[in-house]
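Peer 1: So you can see what is in the structure, the chains are spelled out below.
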Amino acid sequence: MSAAQNHMRMEFPSLPENVAFARTTVAVFASQLDFTLDELDEIKVATSEAVSNTVIHAYGKGTGTVTLCCQIFPDRLEVELVDEGIGIEDVDKALEPAYTTVPEERMGLGLVFINEYMDVLSIESKPGQGTKVHMVKYVKAPKPDGV
Amino acid sequence: MSAAQNHMRMEFPSLPENVAFARTTVAVFASQLDFTLDELDEIKVATSEAVSNTVIHAYGKGTGTVTLCCQIFPDRLEVELVDEGIGIEDVDKALEPAYTTVPEERMGLGLVFINEYMDVLSIESKPGQGTKVHMVKYVKAPKPDGV
Amino acid sequence: MEIHHQRRGTTLLVTMKGELDLLTAPIFRAQVDQELETFERLSSLILDLGKVDFIDSSGLGAILGRYKRIRQRGGKLLLVNAQPQVQKILELSGLDKIMPLFPNAERALEHL
Amino acid sequence: MEIHHQRRGTTLLVTMKGELDLLTAPIFRAQVDQELETFERLSSLILDLGKVDFIDSSGLGAILGRYKRIRQRGGKLLLVNAQPQVQKILELSGLDKIMPLFPNAERALEHL
Ligand SMILES: Nc1ncnc2c1ncn2[C@@H]1O[C@H](COP(=O)(O)OP(=O)(O)O)[C@@H](O)[C@H]1O
Ligand SMILES: Nc1ncnc2c1ncn2[C@@H]1O[C@H](COP(=O)(O)OP(=O)(O)O)[C@@H](O)[C@H]1O
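Chains as they are written, first to last, in our numbering: chain A, 1 to 147; chain B, 1 to 147; chain C, 1 to 112; chain D, 1 to 112.
Worth flagging that the hints you see were computed from the coordinates, not collected in a lab. Wrong hints could be hidden among the right ones.
Unchecked claim - Covered stretches of chain D, going by a simulated chain B footprint (3 or more residues, C-beta under 8 Å):
1) 19–28
2) 51–60
3) 70–83
Claimed, not checked - Pairs of lysine-lysine residues, derived as DSBU-like cross-links and limited to a Cα-Cα distance of at most 30 Å, are as follows:
4) K76/C / K61/A
5) K68/D / K132/B
6) K51/C / K132/A
7) K51/C / K76/C
8) K140/A / K76/C
9) K132/A / K93/A
10) K51/C / K76/D
11) K68/D / K93/B
12) K93/B / K61/B
13) K17/D / K68/D
14) K61/B / K97/D
15) K76/C / K88/C
16) K88/D / K51/D
17) K17/D / K51/C
18) K93/B / K126/B
19) K140/B / K61/B
20) K140/B / K76/C
21) K132/B / K93/B
22) K17/C / K68/D
Claimed, not checked - Distance windows between CB atoms, simulated:
23) E96/B / Q72/D: 22 to 32 Å
24) I27/D / D33/C: 20 to 30 Å
25) Q72/D / A141/B: 32 to 42 Å
Ideal Cβ positions, reconstructed from N, Cα and C, are used throughout, including at glycine.
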């Protein structure tokens with residue numbers, strides 16, 4: 001695996017106001033690559049869903065720390081979102097459309113949208129030990145020199 | 001001192017492409033407060049100067065890690081930029097207009113602009129031990145409830 | 001997020017501007033529900049999404065919640081003027097199947 | 001950062017769009033210097049800043065560097081169309097005293 005050309009790591013509390021902040025930050029960072037505006041919108045949706053999940057699910061009614069890492073490679077953006085919250089019992093189930101543990105409020109589509117809009121989605125989670133969401137988006141038309 | 005309403009901490013390498021990234025990120029975070037567009041522009045300039053200094057001065061021709069912290073208080077934004085680079089011999093001198101250690105290239109106005117655009121600027125630095133730049137910008141017209 | 005609303009007979013016309021997400025969806029929800037509670041004759045809702053430049057599943061959830069309330073009154077919820085990326089998300093979620101999309105409010109009103 | 005340039009007699013007219021900072025200033029510098037080297041008769045420079053929406057001391061430094069080169073040729077560097085926040089920074093730096101600001105390129109050309 002080649003080294004990242006650029007990277008950033010960010011920590012913030014799981015507050016609703018940081019959902020827009022995080023997705024905008026990731027999109028600005030991602031714009032170093034040759035993504036189309038549509039692709040940047042897709043990255044924003046995926047980030048928004050992953051961060052929203054840390055706000056709603058990870059820490060119950062409380063607030064905890066969210067860590068967001070981005071890496072720029074010549075051909076792709078990698079985004080990783082980590083929380084130290086309650087974790088997910090059954091990741092396969094969580095990925096099913098319309099599956100949600102908060103049916104009164106939520107649609108169960110967050111992970112579905114991430115899956116649709118990013119090229120790779122992998123989730124590592126254990127109950128009580130938090131959740132790591134790893135997402136990759138490839139550049140469809142990479143710049144010749146990574147300029 | 002009251003606790004921050006919101007905060008974030010970010011790390012990235014001292015690369016020229018991260019100057020725009022950092023100033024945009026700080027402005028987006030700052031927009032949770034009731035700053036005017038002009039004030040957000042001033043925050044952008046100050047951040048741009050402080051980050052540019054880590055790219056140009058802190059790590060010589062090399063690259064090192066920059067840590068950026070922002071805190072949102074009801075009445076102000078605090079921004080702190082830390083590098084572990086060469087440090088500043090004489091901080092008072094560095095603050096003088098037109099003082100620069102790279103006269104062929106630089107204007108020696110970066111810290112002057114920060115001083116002009118932020119309400120508080122304090123610099124802690126020791127040669128060989130890096131530099132910490134702390135900046136505060138007050139909200140002129142705070143929102144009634146911190147909403 | 002800016003929200004404007006206007007009553008036209010038994011229809012509530014809501015225009016939103018900005019980003020509809022976890023932070024702003026509750027504002028939308030509260031404002032619409034307040035109107036629906038105050039004016040019981042309101043039976044339909046037209047949402048103009050023309051200036052909504054971001055929406056995610058939290059935003060969709062808030063729209064679906066209003067749909068359910070309106071359905072209880074026997075009315076319709078129609079969506080108007082969705083931008084391409086908003087339209088794509090509506091299609092992905094399947095919401096476009098229960099809330100038809102119209103190019104503008106006039107066309108939606110005709111459909112009620 | 002997008003840069004367009006155009007020769008008008010002995011004057012180089014440069015239009016910039018975007019943000020002029022540490023990353024983009026070298027692009028501006030290289031492009032202007034290339035023109036000045038290729039066309040020795042060029043003695044004046046007009047910089048249209050109308051679409052520059054951000055500038056900091058790195059951007060100013062690049063402009064000052066071009067000013068020095070142009071002065072060596074006995075010419076003038078005139079600035080055109082600066083937005084308020086760009087104008088404020090030019091004033092803070094004192095650069096406005098050595099490079100006069102004009103509302104548009106025509107007025108600047110008259111002044112040469
Ligand atoms: N970071 C997380 N921490 C704990 N549980 C999570 C996390 N992310 C997702 N989940 C679980 O996975 C389920 C499905 O998530 P998602 O598809 O985003 O839908 P929704 O957020 O609408 O419930 C959630 O209801 C929740 O139980
Ligand atoms: N982060 C830093 N690390 C080391 N030296 C610094 C740093 N920031 C500023 N300096 C020193 O202070 C001087 C003045 O800085 P500044 O006013 O920003 O002007 P300039 O960047 O144009 O030199 C610099 O020339 C440099 O010697």
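Peer 1: Which constraints among the numbered hints does this structure fail? Numbers only, ascending.
Peer 2: 3, 4, 5, 6, 8, 10, 14, 19, 20, 22, 24, 25
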